[in-house]
Every structure is written in C-alpha cells, then in structure tokens.
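Protein chains in written order, with this note's numbering: chain A, 59 to 259; chain B, 59 to 259; chain C, 542 to 797.
Please keep in mind that the hints were generated in silico from the structure rather than gathered at the bench.
Check the hints yourself; a few may be wrong.
Computed list of lysine-lysine pairs in BS3-like fashion (alpha-carbon distance at most 25 Å, straight line) [to be verified]:
1. C:648 x B:216
2. B:214 x C:648
3. C:613 x C:648
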Amino acid sequence: MERPLRLVTANPLDQLARTIEALLVVANAPLPVEELIAATEDDQERVEMALGLLAERYHEGRSGIVLESVAGGWAFRASRAAAEACGRLFERPVQRGLSQASLETLAIIAYLGPVTRPEIARIRGVAADSAVAGLTERGLITEAGREDGAHGGAVKYKTTPMFERVFGLESLSELPRLDDLPGDVDDLRERLHAVAEQRSA
Amino acid sequence: MERPLRLVTANPLDQLARTIEALLVVANAPLPVEELIAATEDDQERVEMALGLLAERYHEGRSGIVLESVAGGWAFRASRAAAEACGRLFERPVQRGLSQASLETLAIIAYLGPVTRPEIARIRGVAADSAVAGLTERGLITEAGREDGAHGGAVKYKTTPMFERVFGLESLSELPRLDDLPGDVDDLRERLHAVAEQRSA
Amino acid sequence: MIVRELDLDLDAFEGPFDLLLTLVLKEEVDLADVDVAGIVVRFLERLAEREELDLDACGEFLVLVAALLELKARGLFEDEPAELADLEPEEAAEELARRLAEYRRMKEAAGWLAERLSTERDRFFRIGPAPLAPQPERRLAPQDPEALANVVRLLAAEPPTVSLAHMELRFPPVAQFLERFRALLTRRSRFDFDSELDGLSRAEQAVAFLALLELRRANEISISQAAPFAPIRVSRVGEESAAVNERTQTWNARSA
Chain A
59 MERPLRLVTA NPLDQLARTI EALLVVANAP LPVEELIAAT EDDQERVEMA LGLLAERYHE
119 GRSGIVLESV AGGWAFRASR AAAEACGRLF ERPVQRGLSQ ASLETLAIIA YLGPVTRPEI
179 ARIRGVAADS AVAGLTERGL ITEAGREDGA HGGAVKYKTT PMFERVFGLE SLSELPRLDD
239 LPGDVDDLRE RLHAVAEQRS A
Chain B
59 MERPLRLVTA NPLDQLARTI EALLVVANAP LPVEELIAAT EDDQERVEMA LGLLAERYHE
119 GRSGIVLESV AGGWAFRASR AAAEACGRLF ERPVQRGLSQ ASLETLAIIA YLGPVTRPEI
179 ARIRGVAADS AVAGLTERGL ITEAGREDGA HGGAVKYKTT PMFERVFGLE SLSELPRLDD
239 LPGDVDDLRE RLHAVAEQRS A
Chain C
542 MIVRELDLDL DAFEGPFDLL LTLVLKEEVD LADVDVAGIV VRFLERLAER EELDLDACGE
602 FLVLVAALLE LKARGLFEDE PAELADLEPE EAAEELARRL AEYRRMKEAA GWLAERLSTE
662 RDRFFRIGPA PLAPQPERRL APQDPEALAN VVRLLAAEPP TVSLAHMELR FPPVAQFLER
722 FRALLTRRSR FDFDSELDGL SRAEQAVAFL ALLELRRANE ISISQAAPFA PIRVSRVGEE
782 SAAVNERTQT WNARSA
C-alpha cells in the first residue's frame with residue numbers, strides 16, 4: 059500500500075480507473091456514481107472499487123490533485139498544500155480597461171436606459187451576447203424586466219450601482235453630455251439606429 | 059525511469075510538481091509557463107523541469123489524465139482512450155462538423171486575423187455573416203476591436219485560445235504555412251494573361 | 542437555343558434567365574445571393590444536349606453573364622479603391638490571379654482544418670471552471686465616463702459619404718441610359734448601339750446594355766444584329782420587320 063500507483067497498474071480495474079480519472083478531469087460539476095456507471099458502462103461494484111483506488115492515489119499529502127467525495131458526487135480539487143499558489147492564480151490583477159465590445163455595449167445601456175440584447179446588436183451591427191454575459195458577470199449590468207410585459211419579450215438590461223462606482227458617477231444623470239448629439243433619449247436612439255442601418259447598407 | 063512517479067517522489071522537485079498539478083486541475087484555461095512561475099513563485103528552469111516530470115507521468119497510454127501543451131500553455135485533458143466514455147457524458151466543443159462556409163471563414167480569420175466581415179466576404183465572394191455568428195457562438199472566434207477606430211468601422215475578428223485547443227494547436231504558428239498550400243497562381247496567371255492578350259490584340 | 546429563355550433553378554431564383562435579369566435591374570433580387578456559377582452550369586448542360594455548337598447562343602450568354610458578374614463584383618467590392626476596370630489588362634489579370642489564388646489557399650486551409658478537427662475529435666477537455674475551484678474575483682480599475690461618451694459618438698458617427706459618391710460615379714443608374722435612348726428614339730427611328738458606347742467606361746457600357754434589355758423587355762424597342770459581333774441596331778417598335786416583332790412578343794409573354 060506504499061505505492062498505490064503500482065497497485066493500480068497491476069489491478070484489473072486499471073483500465074476502468076483511468077477512464078474514471080479522465081471523466082473527472084473533464085467534468086464541470088461533481089459526478090454521481092450513477093453517472094460514472096452510465097458513462098463507463100461498467101457495474102456499480104467495480105466503479106466503486108476503482109473510485110477507492112483513485113481516492114488512495116489522489117490523496118491529500120500524496121498528490122497535488124485530490125479526489126473528493128462531496129454532496130453531488132466525486133470531483134477533483136487542488137490540494138490544501140497548494141492553496142496559496144491557487145490563491146495567486148485566481149487573484150487576477152486588477153483589470154485596467156474594458157474591451158471595445160464591452161465598452162460599446164455598456165455605453166448603449168448607460169445612455170439609452172433599459173435595452174434588449176437584440177437592440178444592442180442592431181446598433182452595434184454585431185451580436186452582443188458575450189459582451190452582455192461578461193458585463194453581467196462583472197456586475198456592471200443587470201436584468202431589468204422584459205420588453206412588452208411579463209412573458210415572451212426579450213430581457214432588458216440596465217446598469218448597476220457597481221457601474222456607477224466604477225465610473226465615478228453619483229447617478230446616470232452625471233454621464234458626460236453628448237453636445238453634438240440629440241439630448242433626448244428617443245432621438246439619440248433613433249439616430250443610432252439610423253447610422254447603424256447606413257453602415258450595414 | 060521505469061516508474062516516473064517514484065522519481066517525482068524522490069526528487070526535490072516533488073513539491074513543485076504537486077503544486078503545478080493542483081494549479082492545472084483547477085485552471086479553466088491552459089496555463090502559460092509564466093503564469094505557473096508567478097503562481098508558484100519558483101524559477102523558470104525548475105518549473106519547466108517539473109512540467110517535464112508531470113508530462114511523463116500524465117502521458118497518453120499511461121494515465122486517464124493527459125498533460126498537453128496547447129494554446130500557448132499547459133493543460134490537462136482526458137486520454138483519447140477514454141473518449142467514448144467522455145462522449146456519453148459531455149458535449150464536444152464542436153459537436154458536429156463545421157460547414158464548408160464556417161471552415162473557410164475560420165481559416166481566413168486564423169491566417170489573416172484580425173479581419174472584418176467585409177474582408178472575409180471579399181475573399182470568399184459571399185457574405186460571411188452567419189458563419190461569423192456561428193463561430194462566435196461556438197467560442198472559436200471573438201471580436202478584436204473595430205477597423206479604423208475613429209469612424210466606427212467594421213468589427214474585426216480573431217481566433218480564440220479555444221480555437222487552438224479544439225484543433226489541438228500549440229499556437230497559430232502550427233498552422234501549415236500559407237505558401238505551402240497550393241494556390242496554383244502560376245497556372246491561373248498564365249490563363250488570365252492569355253485572355254488579356256487576346257482582348258487587347 | 543434562346544439564352545434568355547434558359548430555365549434556371551437556383552437557391553435565390555427559379556425561372557427564365559431574362560426574368561432574373563429584370564428582377565436584378567429592378568433590385569428585387571440581390572445579386573449577392575445569385576449563384577452565377579449555377580447559371581453557367583445550367584447553360585453548359587443545355588448546350589451539351591444539342592448536337593451542334595450554337596455560337597450565337599454562346600456569344601449572347603457570355604455578354605449577359607459578364608454583365609451579371611460585373612454587377613455582382615461591384616456589389617461585393619464596393620469600397621475597393623483599385624478598380625479592375627481602370628487597370629491595364631496585364632495588371633488586371635495579375636490582380637485577379639492574386640485574388641483567386643488567395644481564395645484557393647484559404648479553401649486548402651479550410652480542408653486542413655476539417656481534417657484536423659476529425660483527428661482531434663477524441664480529445665476531451667474541460668470547458669469552464671473546475672467543480673471545486675476557487676471563485677475568481679474580477680476587479681476593474683476605476684474608469685473614465687468620458688470613454689462611454691466617446692463610444693456613443695463613434696456609434697453615432699455617420700459613415701463617410703465619399704465612398705457612396707465614388708460608387709455612383711463608377712456605376713451610373715440604369716435610368717440615365719433609359720432616358721438617353723428614349724430621347725434618341727424620339728429624334729430618330731433607329732440608332733447604332735455600338736456607336737453610342739464610344740468613350741464610355743466598361744461599367745457604363747454594361748449598364749447601357751442592361752438599359753437596352755430593359756427597353757426591349759418593355760416592348761419599346763426592337764434589336765437586330767446582322768451577324769455575331771456586327772453592330773447592334775436599335776429601332777423603335779413598329780419600324781422593324783414583322784418577324785422581329787413577333788420574336789419580341791414571344792419574349793414578353795414569357796417574362797411577364
């Protein structure tokens with residue numbers, strides 16, 4: 059039992075254990091034993107034995123990868139010994155700016171008020187899905203109901219208090235004025251749509 | 059050398075290799091050596107040696123988890139032997155093949171990127187809008203600013219690290235050189251010259 | 542074989558060739574959607590069904606397809622500064638060869654990618670965060686609100702109008718030639734089409750030819766040509782022989 063790898067290699071469960079390793083390293087969420095059984099097309103007893111072998115191999119203090127049984131099933135995690143290094147990896151340096159796509163999407167939402175993704179896409183001339191998802195994840199924008207009532211219509215987005223903090227604004231009314239452009243939101247919206255149409259023509 | 063793990067355990071690099079294992083199992087994209095150096099606070103030579111040990115340990119045919127150098131960094135993936143089991147549980151990033159239009163568009167962006175949609179259309183002779191939208195949705199390409207910043211020119215596109223990962227490329231430089239792909243320029247040039255001469259005669 | 546009656550079955554259009562031309566002229570069909578290669582293939586099929594080589598049909602077909610291709614090229618490359626038409630034949634051939642070679646290489650590259658994708662099908666990797674990974678916090682440095690305003694100004698900036706004027710210059714409206722030919726025919730009962738083309742650019746010649754087709758379609762004129770490449774004679778309807786008149790009517794019936 060001193061060298062579990064040796065044991066796995068000699069064991070007829072070898073192949074099964076390797077397949078389970080592979081499944082676990084691809085998974086996004088803990089894998090219940092039933093799913094492992096279904097994916098490997100093997101039986102419960104053997105799958106559980108293979109998991110036992112892997113748990114010994116991927117054990118805290120023995121490996122940087124640790125196999126853990128949690129509520130939802132089995133999953134790999136980083137060893138506690140590596141916690142500090144993981145902390146450094148995930149502690150992203152403060153990002154200095156936003157991408158052009160994010161900035162355009164954010165500006166449209168800030169100046170036009172609640173807007174749907176299709177409208178942002180029309181104005182930009184490009185789909186806005188990933189920009190909207192990224193800004194939502196960063197907490198700069200959030201959902202603001204749906205277009206035309208409760209059901210069916212597209213989700214509308216608005217800026218958040220976090221947005222105001224990041225841009226140093228007390229409120230949206232402090233957004234820089236666009237002197238040469240229509241001050242009225244509806245007129246601005248119309249102008250943006252008209253130009254977008256010209257551009258795509 | 060028969061049992062690399064034994065070697066790792068005995069090696070003073072042992073601890074570092076375990077830390078790197080841990081980082082790789084939680085990372086959500088391939089980790090460049092520089093990021094590993096920063097997270098482990100170790101030096102380049104030692105990090106590269108540790109990666110060498112891990113590459114031997116997590117090797118196709120020897121383990122269900124495989125360490126590969128891809129998309130400019132190091133990442134774990136499932137062994138090819140486990141592909142069938144993985145296919146029962148997970149979707150491939152590109153589940154079905156890509157259409158001819160998508161592949162041509164992807165090739166143009168990979169070789170000439172960042173490029174705009176009109177430029178792609180120019181080369182293909184057909185509009186590329188839906189191919190670009192589909193590739194963006196699959197995460198194989200992404201926006202890379204606008205052409206001609208001041209005038210709100212067309213959006214430019216480039217390939218993503220996901221593209222390199224899906225196609226198993228260490229970097230874009232692994233693509234075959236364009237000059238090595240037959241363009242049959244000489245034949246074409248001759249034929250066109252012949253026509254041109256007739257016309258001006 | 543009468544080229545204009547060539548029946549087409551394309552993605553974007555189904556019907557006789559002359560109807561397609563009419564719809565393109567009226568901008569009811571977008572040329573970008575028309576598969577010109579499909580038209581050529583259809584023509585070659587029809588040609589192959591016949592025992593003799595129909596030179597008249599080939600000549601007419603070449604002119605029509607060249608006009609279509611030119612229009613399509615202009616639609617696709619409208620912002621192109623270097624005009625193929627303005628280049629010497631040698632330079633134009635060189636430029637065309639370069640473009641075709643570029644596309645062929647990209648097709649090869651696409652083939653390489655397709656092959657690579659199939660050999661890499663059995664490589665599975667995790668997409669997205671690991672199950673028990675720490676949640677990264679993405680912090681953003683303070684931003685300047687002026688950047689938002691600049692982006693809105695950018696999006697509201699009208700695209701430069703220069704290129705549009707340029708386009709008009711290169712591709713005159715069909716109406717211009719319609720009026721010109723109608724005016725000519727109020728003064729004279731017939732004219733020589735080729736001499737009207739003197740001094741015109743190739744683009745203008747193509748448009749003039751399309752205008753000619755449009756007038757014939759509207760049954761305002763009839764067209765005759767003694768032999769292939771002989772001058773094209775245009776005359777007011779009623780001034781020409783009964784035989785030609787009959788031909789025109791057949792065509793109108795089909796294209797209606």
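Going down the list of hints, with the structure as the test:
1. With a C-alpha separation of about 18 Å, the suggested pair residue 648 of chain C and residue 216 of chain B falls inside the 25 Å cut-off, and the hint holds.
2. Straight-line distance between C-alpha atoms of residue 214 of chain B and residue 648 of chain C comes to about 21 Å, which keeps the hinted pair within the 25 Å bound.
3. Taken as a hint, the residue 613 of chain C and residue 648 of chain C pair is honoured in the structure, with Cα atoms around 21 Å apart against an allowance of 25 Å.
Violated hints: none; the structure is consistent with every hint.
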